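Chemist: Protein sequences, first through last, are from chains L and P.
Counting from 1 along the first sequence, just add 161 to a position and that's the residue number in the working numbering.
Counting from 1 along the second sequence, just add 2 to a position and that's the residue number in the working numbering.
None of these hints come from the bench; they were simulated from the model.
Treat the hints with caution; some may be incorrect.
Pairs of lysine to any residue, SDA-like flavour, derived with a Cα cap of 25 Å [what the hints assert, rightly or not]:
no.	chain 1	residue 1	chain 2	residue 2
1	P	K299	L	P413
2	L	K308	P	K326
3	P	K245	L	N300
4	P	K326	L	E299
5	P	K245	L	Q298
6	P	K299	L	K205
7	L	K312	P	G308
8	P	K326	L	Q298
9	L	K205	P	T124
10	L	K312	P	K326
11	L	K308	P	H246
12	P	K464	L	K308
Since the structure is predicted, the reported quantities are computational estimates derived from the model, not experimental observations.
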Amino acid sequence: MKQKLTWAHFKQFIPLYIMMVPSLVYIFINNYIPMAGIVVAFKKYNVNDGMFGSAWCGLDNFQFLFGTSDAFVMIRNTLLYNVAFIIVNQCLGIALAIIISDVINKGLKKLYQSSILLPFLLSMVVVSYIVFAFLSQENGMINAVLKSMGKDIVYWYQDNGPWPFILIFVNAWKGVGYGALIYIAGIAGIDPAFYEAAELDGANKWQQITKITLPCLVPQIITLVLMAIGRIFASDFGLFYQIPQNSGALFPTTQTIDTYVYRALIQAGGIGRSSAAGVFQSVVGFTLVMISNAVVRKISAENAMF
Amino acid sequence: MKKKILCGMLAAMMVSGALVSCGGGDTGSSTPAADNGSTTASDSAEGGEEGGEAAASGTTASGVNIGSYTVSEDPYTVKFLYLLAQEGDHFDEIEAAASAVTMEELNIGVEFIPVTYGTIDTNLNTMLPAGEPLDWFTCFAGNQGTYLDSGYIVDLNDYQSLMPNIMEYVGDGIGNCMIGEDWVVIPSNYERTAWTCYLVRNDILEDCGYTIEDFDGIDLGDPDKFQEGADKLTELFATVAEKHPEMVVLNGTMFLGTQSSCYVDGLSDGFGVLENYGQTTTVTNWYESEQWANFAKLNQQWFQAGYASQDIGTNVDSIEPILKAGNTFAGLCNAKPNTIAEKLSQCAQDINVIKLSKTMLSGGNMGNGFCLSSASENKEAACAWYNYIFQSGEFNDLINWGIEGTDWVENEEGLADFPDGGDATTVSYHNDYGWIYPNQMVGHAWAGNDPDVWDQYVDFNKGDVVSQGYGFRYDNRPVINEVVACNAVNSQYQAQIVRGVATDMDAAIQEYNNALYDAGLQTIIDEKQNQLNAWLEANG
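Can you build the whole structure from these sequences, using the hints too?
Modeler: The following block contains the structure:
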């Protein structure tokens with residue numbers, strides 16, 4: 162790694178750097194320049210005074226986030242759901258990737274791969290109606306089965322107890338295909354010689370998975386987990402808003418920062434308050450990425466991102 | 003080492019990507035435009051004041067009163083953002099025709115910026131902060147405080163002399179168009195009051211042995227008559243449920259407990275109201291009143307008896323498409339003189355209405371209409387233009403029904419109708435959004451209405467009773483954080499109660515009110531009361 166950066170060395174990568182330029186420019190314009198907009202979160206924005214000319218208002222814009230007892234509930238929900246999503250989706254993704262990679266028939270392999278990816282391409286609005294078809298009180302499939310068995314129907318949209326499981330299940334069903342795809346690519350990149358050697362040494366399938374596949378996937382796992390942690394304070398709005406059908410009784414277990422901000426600001430909003438919510442989520446997200454990266458660096462410096 | 007630097011950069015980009023998507027995005031790139039906006043805004047505001055001083059009254063060749071406006075040599079194009087049912091395909095033609103209405107006499111044309119319900123908020127929330135050129139735009143009452151505070155909209159008081167037609171139209175209701183000292187909105191011309199009613203299937207009603215006259219005189223807002231009315235309705239729903247077990251009796255998204263501008267004067271947001279049809283000057287919390295609890299319990303009784311859809315707690319479909327589907331008997335809605343004609347075409351069923359309230363004249367509907375953007379490049383011309391098109395039947399027909407002869411024709415009753423027996427699918431421009439256009443009443447009403455429907459509106463708009471808060475509009479800016487918090491409480495608790503799905507109603511109402519007070523309801527009520535007292539003193 163300690164290679165000297167010489168001109169000769171640099172020269173051979175020039176085409177690659179040129180290929181990188183457009184996206185660097187794009188990211189600079191799209192992601193870095195707008196960061197100046199953070200000031201709006203601390204201002205009483207007035208279009209006539211402009212973004213920088215508006216009066217400062219301290220932390221006023223943040224008040225509505227922390228002003229009520231809901232603040233604790235929504236922050237807790239956002240964090241716990243995202244932690245659960247990371248764990249469940251990564252584990253399932255890796256498991257599915259390993260299983261699918263071992264399918265020998267090419268056609269079937271493609272079929273499985275595509276079918277787990279399919280839900281990822283559906284809009285949350287569509288998914289919400291699929292869920293509704295199961296859970297509806299009037300015509301839902303689950304309640305129809307309960308009725309035919311002579312049991313009382315369950316008012317799913319009035320009972321917040323089962324919702325953590327429902328949401329985690331739906332999120333996994335919808336999102337797992339994408340992670341699995343990346344892991345499948347990772348597994349395909351592992352040198353088959355490792356497995357051949359292991360088989361010669363008498364390693365069984367399970368040992369091959371734990372001793373070869375998983376260690377080789379660690380870089381991908383870390384990247385995906387770190388990326389997910391960066392967004393740990395942001396929630397999938399569609400998932401938390403559409404799937405519970407915006408039912409107030411479910412808020413104790415379905416309210417997240419994004420849905421709260423949307424519901425509170427749908428009227429009488431203002432750009433300052435929306436920005437404040439965005440800044441808060443980003444600052445916490447950034448801090449968490451730095452912390453997780455530091456932890457990774459402590460454990461295995463080679464796999465840390467920076 | 004280089005790999006690590008690159009990785010570090012990538013990670014930073016990733017995080018900043020999250021930042022952008024979280025809210026910085028719509029503010030950030032707007033700096034230059036916002037600066038431009040501010041320069042032009044102040045320039046032309048000065049121009050406006052000068053114009054205002056030279057007050058004189060003028061009329062055009064065709065007899066339109068244009069007040070103190072002097073027609074300029076330089077043509078101006080007004081940018082007009084309004085709501086559309088769906089995109090039409092000969093939009094340019096309509097825009098050209100609408101420009102021609104004002105071009106000859108005012109030398110002002112118009113450029114349309116049509117938006118739909120789904121996109122209006124996104125459009126406005128990006129255009130306004132960026133100061134993009136825009137003159138008049140559709141704006142609902144709830145946003146206007148924030149818009150005024152952010153400098154997006156202009157105080158129209160400076161331009162009164164340019165808008166004689168508007169002054170005459172708004173009259174003494176102007177207080178409802180004002181926030182503090184600023185006149186922020188010109189209300190679109192539609193109903194100022196409404197009955198709460200049940201839309202019912204007339205065929206089913208008659209099949210069950212009733213006629214609509216059996217329900218005359220119901221007034222659920224009168225404490226003495228509440229029980230009688232409630233019993234009549236319960237009896238009807240029970241009969242329907244028995245005779246038509248295949249039908250859902252009740253569904254929809256509106257409920258007695260959400261009618262905060264009918265049974266009480268909700269003073270714009272319903273947090274602190276004037277109870278008993280506004281016949282008081284004391285601001286109270288409707289949500290802990292006996293009336294509101296009775297409404298909730300009535301709905302609970304109907305839900306538990308199985309009359310209401312079992313999914314009513316989360317239903318988001320309004321009653322019209324539900325009735326159209328054919329297996330539902332009734333749902334709540336607001337009614338005006340031509341409701342039956344309107345709902346017949348929307349529901350395609352034999353529809354009638356059971357009225358459940360008096361009509362109360364309040365300022366609630368006068369907050370919705372058109373605001374003048376501070377990014378307007380010539381506010382004087384924009385105001386003169388609005389004043390002109392407000393009395394132009396041609397303009398109002400154009401934006402609502404499209405080109406005469408192509409999109410609509412006048413029938414023998416003098417009403418607008420589809421050409422050659424077509425329907426909404428055979429023409430390419432048809433909105434029927436008259437209520438949120440400047441002045442539907444100078445244009446054609448649609449076929450199916452009584453030919454004198456606009457005259458009926460004039461009488462109807464007087465109301466059975468007038469709220470004592472009529473003419474007063476509260477300025478929510480001092481308590482905006484509390485309003486935001488109370489909105490959040492509403493979305494969590496209210497639906498379960500008003501829709502009747504909560505199991506222990508008294509406990510649910512108690513919990514809801516506790517949450518409201520925690521969120522600062524008392525502060526809002528006190529602020530409203532203070533503002534109302536000050537207004538009463540000045541206008542009482």
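Chemist: Please write out, lowest number first, the hints stated earlier that are contradicted by the structure.
Modeler: 2, 6, 10 and 12
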